[in-house]
Structures are given as C-alpha cells and as structure tokens.
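Colleague: Residues per chain are reported as follows:
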Amino acid sequence: MIARIEVKRFGEKVIFSNAVFNVPSLSHTAILGPSGRGKTTLMRILSGLDREWKGSIEDGPEHPLVLFQEDRLTGNIPALSNLRAVSDDAAAIRKVLSDTGLSGEEKKSVHEFSGGMRRRLAIARILLLDGDFLFLDEPFRGLDGPMKAHIASLLLDHAAGRTLVFITHDEDDLSLLGADSIIEL
Amino acid sequence: MRSTIWESKRARAGAVLFWLLIWEIASLLIGEELFLPSPLSVAERLLSLSVTSVFWSSVLFTLLRIIAGFILSALTAAAAAALSYRFPLFSLAADPFVRIIRTTPVASIVILVLVWVRSRNLSVVISFLMVFPVVYTGILEGLKSTDHDLLEAAAVYRITLVKRIRYIFIPSLTPYIESALRTSLGLSWKSGIAAEVIGLPDGSIGERLYEAKIYLSTPDLFAWTVVVIILAFIFERTFLALARLLVKGAVS
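If you read the sequences in order, they're chains A and B.
Per numbering that gives the first Met the number 0, residue 0 is the first one in the first sequence, and the count goes up by one each step.
Per numbering that gives the first Met the number 0, residue 0 is the first one in the second sequence, and the count goes up by one each step.
Chain B on its own, in the form it takes in the complex (with noise of 0.2 Å):
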C-alpha cells in the first residue's frame, strides 16, 4: 500500500515540486541570475523561446539526428550480437571495438568523428557509436542465458528459425532489451549534445546551449537545458512503449 502511494503520479509530481522549491529558494538565497536563474525565469523564457521559429528548427534538428544515430545504432548493435552469439570469430573481432568504444571520453571520440565526419551530422555519429556497446553487450548477453533446455527442445520438435526468434528469443531477451533501451536512449541524448556543444553544427540545440554559455544567458541556458530533458524522456517514453508493443505483437 506505502509503494503504492510514492509510486503514484501525485508522489512523483510532489517529488518534482519539491525539487522545484528548492531551486527557488537557491536561486532566493544566490539573488544573482547569472548564477542560479529563478525556475519562473527559466519557464519565462522557455515560453518565449517555443514561440520562435529557430526554437523548433533547432529540436527538429537535433531530435532527427539523435533518432537516426539511435536507431541505426540499435539495429546494428542487434545485428552484430546474433552474429557474435552465432559465430564465436566475429565475437572476438568485436570484442576490441566493443570495449574502446565503451571506456573511451565521448570528448575524445567527437573531436576525432570531427576530422571525418561534417559537424551537421556529428550527432548521429557519436550518437551511434555510444549506444552500439550498450545494446550489442546487453543483447548479446541476454542471447548467452538464453534457456538451452528451450533451444534444445526447439531443435527435438523441429521449431524454425523465425519461431524460435519469435517464441524463444524475444521473449528470453525481452528484460535485456528493455534495460539497454533504458540506459541507451539517455545516453544517446547525453552524447548527441555534448556531441553538438563541441563541433557546433549551425542550427542545433548544441549551439543554442554553447551560445547561452558565451552570451552568459543562464536563463537560456537552463531553458534549453529543460528542453533537451523533455525530449530525451518523451524519446525514452514513446521508444520503450513502441519496443513492448512490437514484443508483445512478435511472440503473441
């Protein structure tokens, strides 16, 4: 009953609101909004900015960009774990890229994607690359605890390859999916504008924050700040809801 009423919605919105109050009273106590701006200030000038044209063509421009990085990178990364599930050769090949991928500074890898890659499209790059260890290790290992009773009872009753995927794997790799979806979508925010903050492709939220930190507009730079975690949730959100629905319609 007590988990009940703190994970209910009211709970939550009261956790915001507290969380609210207490930036308010920061931003009191600071007095300085080049410091710390007011929440108020910064969802005044969020209003303002949603009202500008440059303010959707920069979220258009950065939420297409990080979905095509996400997307082709989860594809791939699925692609590329069945083949190392499959073939053992091709696991040890990606093993390396897989693990310098993970340890390397997004920092590091943005400025070197920037000698190959034009800034406009920098953010599907590194949006690709910081996603693919996530999904490629998660899948891979779900693939490795798949039930082997199961899979040999498959072969016994001479289930196809598209079945057992459908009724053997996807349901076995379900929970792995989900939690690698969950850690990999925000990250694929995270680097995808850290991403555009250092190579300031023209007309990206990345240069709308680098702006606001050259203009010192703290209130501008929160604002986008806000932005960018509404987009990354509503992604993780709709992302996670389309992922259990095409689950749900493959094994049923």
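Bound-form chain A, shown alone (with noise of 0.2 Å):
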C-alpha cells in the first residue's frame, strides 16, 4: 500500500503535507513517534476510517480490521455480549474468552474490567475477525509482562497472511509484533 498524502489538516494545523507512506504488503509495519506527530491520523487514513484529506492510495484494504486506541466496548452490558456483537460462533467465542484469559468473566458487565481486562476484550474482539489488513493503535495499552507477551503471540497468529500496521510508544514492541517496515513520524 502507498499513501501520497498532499495534505491533512486538522482546522487550520497541517498535519501531513506532501508526505508519501509505503506499507509493503503482508509485512509487519509499525508506526513510531512522539505523541501529537499523527500516528493515529495516519492510521486512519491508511485504513481508510478518514477520507477528509487531499491525496490518493494505492492497494488500500478493502476489509480493514482496526483495534482502536479506545477499547470501544459498549459498557453496560456483559463482556460475552460484546463478543456475540462480531460473532454467532460459540465456540470460536469460547476460545478467544480462554486465549485472552477472560473465561469466567465473560458474564461480567465490562464496566466492572479493569482497563487491562477492557483491552484484552477489545483483542478478543478483533481475534473473531476477518480481514485484509490488521491495524493496531498502542495495542498493548493496559498490558504488561508474560500477559503482553502472550497477547503479542496471539496477534502475531492473526496477523499472518495479512498485512500488520501498528502504533506503539514502546520499542520493545517492534520485536514483539515482528516489525520488519518502520514509518518513523
């Protein structure tokens, strides 16, 4: 994918002018930068979430799958009904809840998670999903130790056969999610 961006602004601040982005395909491309350079307005407009910029892009995805900044859970209802939302398959459901360590909890109200337990649903939720590319803002938000470990390994496995674009902070991420392709901001 190649994004030629003339410009991006957010009112009257430029946030990307002339800029052109090459994500090579299937690989594991991370975006680096201090906060406040557009890491994630970049990663909504390689995922095609923002259309509100001048430019054009080549080889986009058709069936983005993003796992937002936010978690984007709905609160006030059980964790496990926030699953069925992307899926009617119970035992793919199953499974994700015992991979994320979240079995046992799934009757839980999200609004009782931790913010750690939060992100590991969010995962959850992306792990039932189907997609060409795989887009992760700071996905280890929350996460520390063997458990981002074993999430990283986790999203490693959904990520092959696609291609993975991922924000972090963290360089100790880039080994964990195999990024071979940098954009530095």
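Hints were generated in silico from the structure; no laboratory data involved.
No experiment lies behind these values; they were computed from the predicted model shown.
Idealized CB from N, CA, C, for every residue including glycine.
Some hints here could point you the wrong way.
Here are the simulated lysine-lysine pairs, DSS-like style, with alpha carbons at most 27 Å apart [to be verified]:
| hint | chain 1 | residue 1 | chain 2 | residue 2 |
| --- | --- | --- | --- | --- |
| 1 | A | 53 | A | 94 |
| 2 | B | 247 | A | 94 |
| 3 | A | 107 | B | 189 |
| 4 | B | 212 | A | 107 |
| 5 | A | 94 | B | 212 |
| 6 | A | 106 | B | 189 |
Covered stretches of chain B (in silico footprint by chain A; criterion: 3 or more residues with CB under 8 Å from a CB of chain A, positions within the stretch not fixed) [stated by the list, open to error]:
| hint | stretch |
| --- | --- |
| 7 | 147 to 159 |
| 8 | 165 to 175 |
So these bits of chain A aren't anywhere near chain B, every CB distance computed over 10 Å [stated by the list, open to error]:
| hint | residue |
| --- | --- |
| 9 | 6 |
| 10 | 13 |
| 11 | 46 |
| 12 | 69 |
| 13 | 143 |
| 14 | 155 |
| 15 | 158 |
| 16 | 172 |
With the hints as a guide, bring both chains together as one complex.
Modeller: Given below as structure tokens:
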C-alpha cells in the first residue's frame, strides 16, 4: 500500500503535507513517534477511516480490521455480549475468551473490568474478525509482563497472511510484533 | 449506612404513615367529612366499593384503555424517534407536532378530540397523545447521544443492524428509556383520567369521579383517587420491570 498525502489538516493545523507512506504487502509495519505527531491520524488514513484529506492510496485495504486506541466496548452489557455482537460462533468465542485469559469473566459487565481486562476483551473481539489488513493502535496499552507477550503471540498468529500496521511508543514492541518495516513520524 | 436506612421499605412505610397521620389530624380539626374525610372513612368506602361489580368493571374499563394508549404510543414514538434519527427531514416534520402536543393543555386536546372520537375511546387517544412527546423526545435524545466511536467500530467490524440495535443502541438508550417511561407512565394516568372526567365515557373511573363530585360524596372522590394512585403505581412498577427484563434479554 502506498499513501500519497498532499495535505491533511485539522482546522488550520497541517498534520501531513506532501508525504508518502509505504506499507509493503504482508509486512509488519510499525508507526513510531512521539505524541501529537499524527500516528493515529495516519493509521485512520491508511485504514480508510479518515477520508478528509487530499491525496491518494494505492492498494489500500478492502476490509480493514482495526484495534482502536480506545477499547470501544459497550460498557453496560456483559463482556460476552460484546463478543456476540461480532460473532455467532460460540466455540470461537469460548476460545478467544480462554486465549485472552477472560474465561469465567464473560458474564460480568464491562463496567466491572479493569483497564487491562478491557484491552484484552477488545483484542478478543479482533481475534473473532476477519480482514485483509490488521491495524493495531497501541495494542498493549494497560498490559504488561507475560500477559503482554502472550497477547503479542495471539496477535501475531492473527496477522498471519495479512498486512499488519501497528502504532507503538515502546521500541520493545517492535520485536514482539516482528516489525520488518518502520514509519517514523 | 444512613441512606440505606432511609431507602429501606420500613422508612418508606413510615413516611406514608406520617402523612396518613397528618391527614387524620387535619380531618379531625376540620371535623366535616364533606370537606376532608378521614383516612379511615375513605378506607371503609374503598372496601365497600371493592365488593361491587361496578367497581371492577370501571377499573377494567379505564385500565385497558390507558394501557392500550400507553403501549401504542410508546411503540409509535420509538419508531418515530428512530426515523427522526435516521432521516433529518422526518425529524423536521415531526418537531412542530411534538412541540404542539407537549405545550397544549390537556383540557383543550380532550375537547378537540371529543369532536372526532367517541368518548368511549377518549382515554386511549389522550393517553397516546400525552405519552408520545415524552417517549419520542427521550429516545431521540438517547439515539443522538449514542457513542460515535462505538458506531464507527460497528461499521468497521461490519456488525449487522439488528446486532447494532441489540448491543449498542439499546444499552445506550436504557437510561433514556427508563426516564421517559417513568415520566410517561404517570402522565398516561393523569391525562387519561382527566380526559374521562371531561368526556364522561359510560362505566369509566372518570365517570365515577365526576359522580362523586356531583353528589358531593367526598369519601367516594377520595376512594376513587386512591384507586387511581394504586393502579398507576402497580402499572408503573410492572411496566418498568417488564421493560428492564426485555432490555436484559435483548442485550445478553
């Protein structure tokens, strides 16, 4: 995928101007950079969620799969219902709950979940879905230690056969997600 | 701890007893049943009324009509709110109707509706009209405040409309629905009974209230009022419990 951005603004502020971003097919591309440099904006442009910019994209995603920076879960319903919203496959739901260490917690309301549990639930939902590109915006927010490594291995499995684009602040994440291409902002 | 005590059923019963006591004292001080009957004489009258067939037929007459008006209105208002949310033009067209109904005095609407509708079904129409703006406005407000981030995620994850309704819209609307139902359930009774008192459909609670006024039977007036309060209370509790059950079933 090649994105040629003539200009992207937020009001008067120019975020990108005459910029070209290349995401090789089936690569694991990391977007790195300090806060406020437009990492999430770039991911939204690449994934097709943001169309308010001038320029063009070649070989962009048809069905992007996006793990948003915010968990974007419905808070006042059970965790299980958040997964049922994207899949009717009970066995697959049981598997992702088990994989993300949330078995036994599925009947609790998301409001009762800690930040890390919410992130895992958001990731469990991604694991139930299909798409040609996998976009992850700070996938390990709220996760650490062995859980972070475990979730990284799940995401890597899910990225097999897909182009992976992820945003991170932490350079250790590059190896965790097998980055072979980097966009620095 | 303190709030727990005050919220307990015992405390609520205590508050009711307190006001009954005030009522009893006021009645004793006035000393005239025509102006203010005592709680005891109202209770006696209520008991004696409750063993008559007229009592139950009047209760059933009014109850069925108010329930019908309420349910029809709540469903229509929910559908109209959904259309307004989806189609701004529909919202624009519905807005004057909703505003007019909300601000017009019930008595004016009742008299106008009496020109078009038989008094027998008056309370259905009035209950419908009074409930509509409350439910419509509440649900539309709830729909507009649905988290855009969740809706964007739903679009990316290609979540079907039915599932969006179940897992995003209904949970988001729940507090708005509950608030609208609480207000409109009471309103349906107030307006429905007021309509019956004006339109005097045969065999209604409104007619019984009117008769009590004509024959200066204040204990009857109080007894029927107590009946309406009890019916409205049971109606509200039952309906809210049903609504909660339906929501819980839908989102799980």
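Colleague: If a hint holds in the structure, say so; if it doesn't, say that too.
Modeller: We went through each hint and held it up to the structure:
1. A:53 with A:94: Violated. Residue 53 of chain A to residue 94 of chain A sits at ~42 Å, over the 27 Å cutoff.
2. B:247 with A:94: This hinted pair holds, its Cα atoms lying about 25 Å apart.
3. A:107 with B:189: violated (40 Å)
4. B:212 with A:107: With a Cα-Cα distance of about 55 Å, the restraint between residue 212 of chain B and residue 107 of chain A is violated, given a limit of 27 Å.
5. A:94 with B:212: The given pair, whose Cα atoms are some 70 Å apart, is violated under the 27 Å limit.
6. A:106 with B:189: violated (41 Å)
7. 147 to 159: holds (count 9)
8. 165 to 175: holds (count 6)
9. 6: About 23 Å separates residue 6 of chain A from the closest Cβ of chain B, which puts it past 10 Å; holds.
10. 13: holds (24 Å)
11. 46: violated (8 Å)
12. 69: violated (6 Å)
13. 143: holds (25 Å)
14. 155: Nearest chain B Cβ is 21 Å from residue 155 of chain A, so the label holds.
15. 158: With a cut-off of 10 Å, residue 158 of chain A remains clear of chain B, as the shortest Cβ separation is near 17 Å.
16. 172: holds (22 Å)
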